[in-house]
Amino acid sequence: MNISPNSVVALTYELHTTNEEGQQVFVEKADEQNPLVFLYGVGMMLPKFEEHLTGLKIGDEYSFELSAADGYGELDPGAFADLPKSMFTEAGGEVPAVGDVIPLQDNNGNQFRAGVTAVHDETVAVDLNHPMAGKNLLFSGTILNVREATQDELAHGHAHGADGHSGH
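Numbering-wise (full-length UniProt numbering), the sequence shown opens with residue 1 and increments by one.
Honestly, I wouldn't trust all of these hints.
[Unchecked claim] Taking lysine to aspartate or glutamate pairs in the EDC-like style, the calculated list, with each CA pair at most 16 Å apart, reads:
# : residue 1 : residue 2
1 : Lys29     : Asp70
2 : Lys85     : Glu65
3 : Lys29     : Glu14
4 : Lys57     : Glu122
5 : Lys85     : Asp121
6 : Lys48     : Glu65
7 : Lys48     : Asp70
8 : Lys85     : Glu61
The hints are simulated quantities; they were obtained by calculation from the structure and are not laboratory data.
With these hints in hand, go ahead and build the complete structure from the sequences.
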């Protein structure tokens with residue numbers, strides 16, 4: 001079976017980005033013991049990631065690069081904010097350090113993460129961009145399994161594991 005809409009895909013991958021010097025930097029991986037399993041074609045994955053996998057089958061190897069625009073977008077210079085230190089210390093918490101990733105919530109209850117870029121006398125500067133924004137993504141791996149999604153998976157909009165019986 002080839003990868004097509006409404007199929008469940010299990011794959012390995014290694015993800016690298018490139019640094020300012022053009023050298024590859026390892027980010028993360030999924031291996032045979034802990035593969036990435038997803039329902040193809042329902043918007044769970046980056047669209048261009050899925051596009052590169054279209055038509056592949058069990059045993060196929062892949063390697064491709066996504067531009068920042070096709071990945072998590074370019075860096076948004078307006079996505080930086082200064083938060084008052086008091087929002088961290090009022091409940092007895094500690095002020096985060098530079099490099100920390102902190103959970104935040106907007107006025108609509110949407111949760112997201114921000115990276116701390118600086119700590120000042122009265123404020124904590126954060127970057128609200130996705131951590132992979134502005135970076136090209138280099139993927140390589142192997143397709144481990146491709147199968148038709150079950151009716152439950154299609155109804156729920158996500159895969160229930162490599163065998164279709166994990167989850168819930």
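Next on the checklist: Between the alpha carbons of lysine 29 and glutamate 14, is the straight-line distance 16 Å or under?
Outcome noted: The hint holds at about 4 Å.
Checklist entry - Holds or violated: lysine 85 with glutamate 65, Cα cutoff 16 Å? => result Violated, at about 39 Å.
Checklist entry - Between lysine 85 and glutamate 61, does the CA-CA distance stay at or below 16 Å? => result The given pair, whose Cα atoms are some 48 Å apart, is violated under the 16 Å limit.
Item to check | Hinted pair lysine 48 and glutamate 65, Cα distance within 16 Å | outcome: This hinted pair holds, its Cα atoms lying about 10 Å apart.
Next on the checklist: Tell me if the straight-line CA distance from lysine 29 to aspartate 70 falls inside 16 Å.
Outcome noted: Measuring from Cα to Cα gives roughly 20 Å; hence the hint is violated.
Checklist entry - Has the given pair, lysine 85 with aspartate 121, been kept, meaning a C-alpha gap of at most 16 Å? => result 8 Å, holds
Next on the checklist: Checking one constraint from the list: CA of lysine 57 to CA of glutamate 122, max 16 Å. Satisfied?
Outcome noted: At roughly 55 Å apart (the allowed maximum being 16 Å), glutamate 122 and lysine 57 break the hint.
Next on the checklist: Need the status of pair lysine 48, aspartate 70: alpha-carbon distance at most 16 Å?
Outcome noted: 6 Å, holds
Checked against the numbered hints listed earlier, the structure breaks hints 1, 2, 4, 8; every other hint is satisfied.
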